[in-house]
Each structure stands twice: as structure tokens, then as C-alpha cells.
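Quick mapping for you: the protein sequence lines, in order, are chains A and B. Residue 24 in the working numbering sits at position 24 of the first sequence; the count goes up by one each step and never skips. Residue 105 in the working numbering sits at position 105 of the second sequence; the count goes up by one each step and never skips.
Just so you know, the hints here were simulated from the structure itself, not pulled from any lab data. Only a predicted model underlies this, so the values are computations on that prediction, with no experimental measurement involved. Treat the hints with care, since some could be wrong.
Unchecked claim - Some chain A residues flagged as far from chain B (calculated, every beta-carbon gap over 12 angstroms):
| id | residue |
| --- | --- |
| 1 | Pro102 |
| 2 | Leu244 |
| 3 | Val302 |
| 4 | Ile327 |
Unchecked claim - Below, computed lysine-lysine pairings styled on DSSO-like, alpha-carbon distance capped at 30 angstroms:
| id | chain 1 | residue 1 | chain 2 | residue 2 |
| --- | --- | --- | --- | --- |
| 5 | A | Lys3 | B | Lys204 |
| 6 | B | Lys329 | B | Lys242 |
| 7 | B | Lys146 | B | Lys204 |
| 8 | B | Lys149 | A | Lys3 |
| 9 | B | Lys22 | B | Lys329 |
| 10 | B | Lys204 | B | Lys149 |
To be verified - Reference listing, derived: stretches of chain A covered by chain B, where coverage requires no fewer than 3 residues with Cβ under 8 angstroms from a Cβ of chain B:
| id | region |
| --- | --- |
| 11 | 9-23 |
| 12 | 199-213 |
| 13 | 218-227 |
Cβ coordinates follow ideal geometry from the N, Cα and C atoms, glycine included.
The lines below spell out each chain.
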Amino acid sequence: MFKRIWTVMQKEFIQTLRDQRTLRIQIMLPVIQLILFGYAITTQVNHIPTIVADQSLDAVSRAFVDALTTSGYFDVIAAATSQAEVVSAIDAGRAQVGVVIPPGFAAHVGLDDAQVLILVDGSDLFTSQSAYNAATAIAQAHASQIVVQRLQRSGQVRPDQSWLPLDTRVRILYNPDLKDLWFLIPGMIAMLLQMQTVTLTAAAVVREREVGTIEQLLVTPIRPAELLIGKIAPNMVIALVNMLTILGMGVFWFRVPFQGNFWLFFALALLYVFSGLGLGLLLSTVSQNQRQVQQLNGMIMVLGLLLSGFIFPRSAMPPVIRLVGNIFPLTYFIPIARGIVTKGIGLAYLRNEVAALAAYVVVIMLLATWTFRQRLD
Amino acid sequence: MSDAQGQSWPAIVARDLVKEYKTAGGVLSSARQRGPAAVDGVSLTVARGETFGLIGPDGAGKTTLTRVLLGLLARTAGESRVFGYDSMTEPYAIRERVGYIAQRFALPADMTVMENLRFFADVQGVGRADQRRRIPELLEFAGLTKFTKLLAGRLSGGMKKKLALACSLIHEPQLVLLDEPTLGIDPVSRREFWSLLGNLRAEKGLTIFVCTPYMDEAERCNRVGLLYNGRLVTCDTPAVIKQAAPGHLLEFTPSDFVPAQRLVAGLAGVLELQTYGMMLHAFVDDPLARRPQIEAALTAQGIFCIGIREIEPRMEEAFISLITREARKGI
Ligand SMILES: Nc1ncnc2c1ncn2[C@@H]1O[C@H](COP(=O)(O)OP(=O)(O)O)[C@@H](O)[C@H]1O
Ligand SMILES: [Mg+2]
Numbered sequence: 001m002f003k004r005i006w007t008v009m010q011k012e013f014i015q016t017l018r019d020q021r022t023l024r025i026q027i028m029l030p031v032i033q034l035i036l037f038g039y040a041i042t043t044q045v046n047h048i049p050t051i052v053a054d055q056s057l058d059a060v061s062r063a064f065v066d067a068l069t070t071s072g073y074f075d076v077i078a079a080a081t082s083q084a085e086v087v088s089a090i091d092a093g094r095a096q097v098g099v100v101i102p103p104g105f106a107a108h109v110g111l112d113d114a115q116v117l118i119l120v121d122g123s124d125l126f127t128s129q130s131a132y133n134a135a136t137a138i139a140q141a142h143a144s145q146i147v148v149q150r151l152q153r154s155g156q157v158r159p160d161q162s163w164l165p166l167d168t169r170v171r172i173l174y175n176p177d178l179k180d181l182w183f184l185i186p187g188m189i190a191m192l193l194q195m196q197t198v199t200l201t202a203a204a205v206v207r208e209r210e211v212g213t214i215e216q217l218l219v220t221p222i223r224p225a226e227l228l229i230g231k232i233a234p235n236m237v238i239a240l241v242n243m244l245t246i247l248g249m250g251v252f253w254f255r256v257p258f259q260g261n262f263w264l265f266f267a268l269a270l271l272y273v274f275s276g277l278g279l280g281l282l283l284s285t286v287s288q289n290q291r292q293v294q295q296l297n298g299m300i301m302v303l304g305l306l307l308s309g310f311i312f313p314r315s316a317m318p319p320v321i322r323l324v325g326n327i328f329p330l331t332y333f334i335p336i337a338r339g340i341v342t343k344g345i346g347l348a349y350l351r352n353e354v355a356a357l358a359a360y361v362v363v364i365m366l367l368a369t370w371t372f373r374q375r376l377d
Numbered sequence: 001m002s003d004a005q006g007q008s009w010p011a012i013v014a015r016d017l018v019k020e021y022k023t024a025g026g027v028l029s030s031a032r033q034r035g036p037a038a039v040d041g042v043s044l045t046v047a048r049g050e051t052f053g054l055i056g057p058d059g060a061g062k063t064t065l066t067r068v069l070l071g072l073l074a075r076t077a078g079e080s081r082v083f084g085y086d087s088m089t090e091p092y093a094i095r096e097r098v099g100y101i102a103q104r105f106a107l108p109a110d111m112t113v114m115e116n117l118r119f120f121a122d123v124q125g126v127g128r129a130d131q132r133r134r135i136p137e138l139l140e141f142a143g144l145t146k147f148t149k150l151l152a153g154r155l156s157g158g159m160k161k162k163l164a165l166a167c168s169l170i171h172e173p174q175l176v177l178l179d180e181p182t183l184g185i186d187p188v189s190r191r192e193f194w195s196l197l198g199n200l201r202a203e204k205g206l207t208i209f210v211c212t213p214y215m216d217e218a219e220r221c222n223r224v225g226l227l228y229n230g231r232l233v234t235c236d237t238p239a240v241i242k243q244a245a246p247g248h249l250l251e252f253t254p255s256d257f258v259p260a261q262r263l264v265a266g267l268a269g270v271l272e273l274q275t276y277g278m279m280l281h282a283f284v285d286d287p288l289a290r291r292p293q294i295e296a297a298l299t300a301q302g303i304f305c306i307g308i309r310e311i312e313p314r315m316e317e318a319f320i321s322l323i324t325r326e327a328r329k330g331i
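Pulled out of the complex, with its shape left as it was, chain A reads as follows (with noise of 0.2 angstroms):
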């Protein structure tokens, strides 16, 4: 039987091996996408583009648009006049952020009653909200500013005043080191991890089967379970330096601290990869040839991210949909993912979830084992 796996796995290298071009493809791929990821999202959070409407142009309203400015979220491109320009501006596509400061705002803020209106593009809903929090932080921190300005002049310094939490607020609300990215690095590993195993093991077997290799091996002793861990061999291996090919970017170009014990997210992302493997020779056993393999597995990615918790909290989701979100890996492992990379927890933390992923690696295996059997007509 092991004799039997060998072989099939020697046929696997060989045939992996000899197609260097698709091979350097699929180690280059989630590079790539890694790299526009991570990019589009550093983009869309700072350097905003911004069209401000000054109607006072004084020391003070000045000194709100350099707050902004310096910030990095905002990028002035225009200077407006009216509320109505900034609003053109903004359908135009030429700003995302629009910044409406009314006339007299020194003399406001003196009174205060000064107010600021702040235009946001809500078509982004990245954009939006890197803009509305970064927005209203750095309003209320520049506010608090003042106050405490005007307090220590007037000698009436009170520490503890409790009508001015706006310290506490402003962490809530500032975003100031793309903390975003942190969050996001662990589950793109997840992500990537996922779209890899599974499309590269699903076309595998497809692929044998659509050029009808698949006859001449059934009609040998190998028994189907030996030819699926074959074939899933080279995928794994790839799948491996996928992984660390992303997480070492992750961790050294985009700057993602990594807090976590390496060896405890190598050994379970290990257990993750074979839970994709699994569910590509599933897809691969329902699929008839690559372009049905393409489509199920672009609609496991779609759903997969909008379900997992890669970008909504599953907390928030009603139980039917979270029930659906379990049957893509992706769930299970991004908390785990994000467990050990940002938050630096140990296994005692996680015991649920990585109980759940190998539960999950061991329903697939056996059934992509069993409606392989059943698929042999």
C-alpha cells in the first residue's frame, strides 16, 4: 500500500516538475495577490483623496486642515468654495473625502459652536470607514486640543475634569498604525492558503480525468484512497511554500508583528492545508471538467470570505448564515490564524477551533475517499 502512494507520488513530481512554467506560476500567484492586497488596502486607508472648502480661511480653520493633513488619511487635491463644488467633486469621483469648513470658524470656536461638515464617499465601504472614524478622531482630538489650550491660558487647569473624556474616545476611534492590515494579514493567509490547495488538487484530478488518464490508473491495483494521497502530495508541498512565502511577507515587508509560537501556526496550518486539499478532491469529484472546477471553487472563495469572518464578524451574522460559514475551512482556521499572529495566544485558547478544523479535515477526506469510489461511472 505504501509502496503503491510512493509510486503514485514519484508520477505526481515527475508530472509537477516537468511543467516548470505552470509550476512557477502557482508559487508566484499568491505573491502577487498578497502584494495587491496588501497594497489596495494600505492605499484605501490613508492618503484619501480630499477636496476642502475653507469659507473662512483663518489661523484656526487653517490650523484644522493641517491636522487632517498631517494625519496621512487625507491627501488635500482641491480647494473648493461651496459645499456645492466639494458635493460635484465627490460625484465626479475627483475626492473621496469632502471637508466643508462654514465662515467665521475662529469666532465659532470661540463660542463654542463651531461646526465642521465632513463629506464622505459611503460607494467605498473601506474607504468610508478608514475616512469617518480618522475624520471624527482627528476632529474631536484637534477639539480637545483647543479646549485644554484655552484652559491652560485661563489658569483653570482641571486634570480631571469629566466633561472632556475625548482621550479615551480618541483611541477608540484612531486607527493611527493600519491596524487594519494586522487584522487582514493572517486571514489573507488563510484565504490564499485556501484558493491554492483547492483549485491546484481539484484540477489535478479533473485534469486526469478530462484527458482520461484517470482509466488507466483505476484499472490498476491502486486502490482510489493511495492515488488521492498521491496526488495531493505535490499539492502540499507548494501549498507549504505558499505559506511561508506569504507569512514571510507578511511579517517582513508589510511589517505584521508576529506575536505568536511559529512552530504552533506551522503545525496547524499544516492540519488547514489538507482541509483544502480535501475539499478540492470533493469539487474535483462533482466537477465534470476545469471550468466547472473554476466556477464551484470561485463561488467557495466568494462565499467563503463574505462568511468566514475574513471581513464581517461572524458574531454579527444571523445563526443560519454562520451555520452555512462552517462548511468552508476558511472559518475555522482564521481565527486560529489571527489567534496566534496578532493577538500571540497559545493552544490552550484555541482548543475549539483547531478541534473543530480537524473534525472538518477528517468529515472531507473521508468524503472526497468515498464519492471518489462512488464516481468511478
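Please build the complex by placing chain B with the ligands on the supplied structure of chain A, with the hints as guidance.
Below, chain B with the ligands without anything else, positioned relative to chain A:
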């Protein structure tokens, strides 16, 4: 079942074998309807050492029958055994003892000739020492010695089939099942392939089960089964099958084909009419009497009749005759 028991069984036994494909829909469809039977109650026996030809037009069910015998497809009803091992319950015992060439070229095309031979040898559990002896032998036998480093996908059609044969023989099976092994290869390669098979039969006493649509290949078999619409129409030696055609056979070339065909088919004493290229083959009860009558009837319509003569019915005529009768029964 023990091997000793297996020795007493014929190479292949099928009894009332039925295979119905499930209609499209796959695992996702819950309602599985039954399609028409691709193999419809076939009974046959292939003795050890025999060369058995399964003949039939495209879609007759040859591939399906072969796959069911090997346990690659689940049978719907009946019995199928290879060396006494049940196709469904003991497929691996069968697969260790037989070689198979699929209709479509099914060897990994991105592996070299040598890698292919090694792979199938390993998978069949052929030891290293045996491999060192067998592989050069088979390469020599198949005329592939010079091409060991070539990718299998780059071989010509004939060489691909020879490589497939070599791979299927690597574990010294007692039986090979060949599904249209000469499909799409040139006549010279076809002859070469058959002479390879002839050597195997003579030297090793190999049992050969071969599917083919070619009548000349059928004549090379000890026994032939004619499959049509999933049913075994006849199963006998080529000599006996040739007798199946009715009456005597007249061959001629009419100057105006379509009207001649219509006319002759309606004449008294014409049992059956077949077309053969630009020629007509008329089976008649009495060739001496009917020959002038046919010539006269055609001349009356202004149609010349070139080269009319009586010929020996060949396999081809016998098969067409049998199939035509079978088709009429179906209606
Ligand atoms: N996988 C399949 N699913 C459904 N029907 C099939 C399948 N394979 C073959 N058939 C049908 O079964 C019949 C027999 O086909 P086949 O065994 O390939 O014939 P042959 O090998 O003699 O050309 C044909 O009518 C064909 O359409
Ligand atoms: Mg066929």
C-alpha cells in the same frame, strides 16, 4: 476465492450482463432515472488462450462491456467474472492479472516512455530485478528502445499504442483487454500491432480480448462476438459467422446507383441488398437464375450493370446482414 479455484475458470464469463448508464445530472440530482441499456443481457465466455474479438459499430457498447468486466463501471444486472473473480466485488484481484488498453490514449502524456513503464511496473508491484529484465525486453518488443527519453505525448499514434501495450504487459498478465487498439493509426502500424499480438499469443499463450469495428481484424480472432445496440447478436468462429449471410452473393456496379438500388431491392429472389462503396451486394436464393433477371431488369430502365459476378460472402457482408435483421426485429 482462492487462486487454485481461479485456475478452473475461463478467462472471461458474462451471464445476462446488463449495464444502464444513469442519465445526466450526476451526484447533485436526486432522482436517478434509468437510461437505455448500453449493454443489454450479454452472455459470453472467453476461454484461456483464446483470441476473442468483440465487433460492433460505434455505440454498440463494446467499451461499456469491457469496462464492466474490469469493474471500472458498476453493472446493473447479471454476472461478470474474470478468471473467476467477480468484477464488482474482487476488482483488484482481476486488475493484478490483466492488462488493459483504453480506447483513448490514457497514459500520462507528460512522462517519458521509460517513466511510464517504470510507473506501471511499480504500481503493479513488479520488483526492481524483474524490471531490469522486463523493461528492455518490452522496449525491444514494441520497437521503442530508441525512444525511452521521449515524452509519451510526443509519440506517433502507432507508437503510443505500442507503448500502451508494453505498459499493459509489464506485469506478465494472463489476459489483455484491448479496446479498439488500432483506432486512428495507419495501416502499416495496424499490421505491426497485430503481428505483435500474434507473437504474444504464440509465445506466451496470452488470452486476448479485443474490441474493434474492423472486419479484417475480426478475421484474425479465434472467435468473434457481434455486439449491436448492447446485444450480442452472434458469437462464433469467423468461418461459421460467414455462413450466416443468406443465400448467395452477387456483386456489381450499376451506372445509376439510387434507382438501381430501389429496383433490385424489389426483385423476386433478392433476399437482401447491401451497398458497398459504389457497388451493390445482392443476396439471392439462386445465383444462376437471378443474375440474368437482375441484368435484364436494370437494362430495361436504361441502367448499365458493370462487372456482375458471384463472390464469397466475407465477415463484412455477414455482419451487415445480421445487423439488418437484428434492426428489423427491433422495430
Ligand atoms: N458515460 C456514459 N454515460 C451515458 N451513456 C454512455 C456513456 N458512455 C457510453 N454511453 C452510451 O452507451 C452506448 C454504448 O457506448 P460505448 O460502450 O462507448 O460503445 P462502443 O465502445 O461500442 O462505441 C452508447 O449509446 C453511448 O452513447
Ligand atoms: Mg468504444
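Verification of the hints:
| no. | hint | verdict |
| --- | --- | --- |
| 1 | Pro102 | 62 angstroms, holds |
| 2 | Leu244 | 27 angstroms, holds |
| 3 | Val302 | 19 angstroms, holds |
| 4 | Ile327 | 15 angstroms, holds |
| 5 | Lys3(A) - Lys204(B) | 29 angstroms, holds |
| 6 | Lys329(B) - Lys242(B) | 21 angstroms, holds |
| 7 | Lys146(B) - Lys204(B) | 25 angstroms, holds |
| 8 | Lys149(B) - Lys3(A) | 24 angstroms, holds |
| 9 | Lys22(B) - Lys329(B) | 26 angstroms, holds |
| 10 | Lys204(B) - Lys149(B) | 28 angstroms, holds |
| 11 | 9-23 | holds (count 6) |
| 12 | 199-213 | holds (count 3) |
| 13 | 218-227 | holds (count 6) |
The structure shown violates none of the earlier numbered hints.
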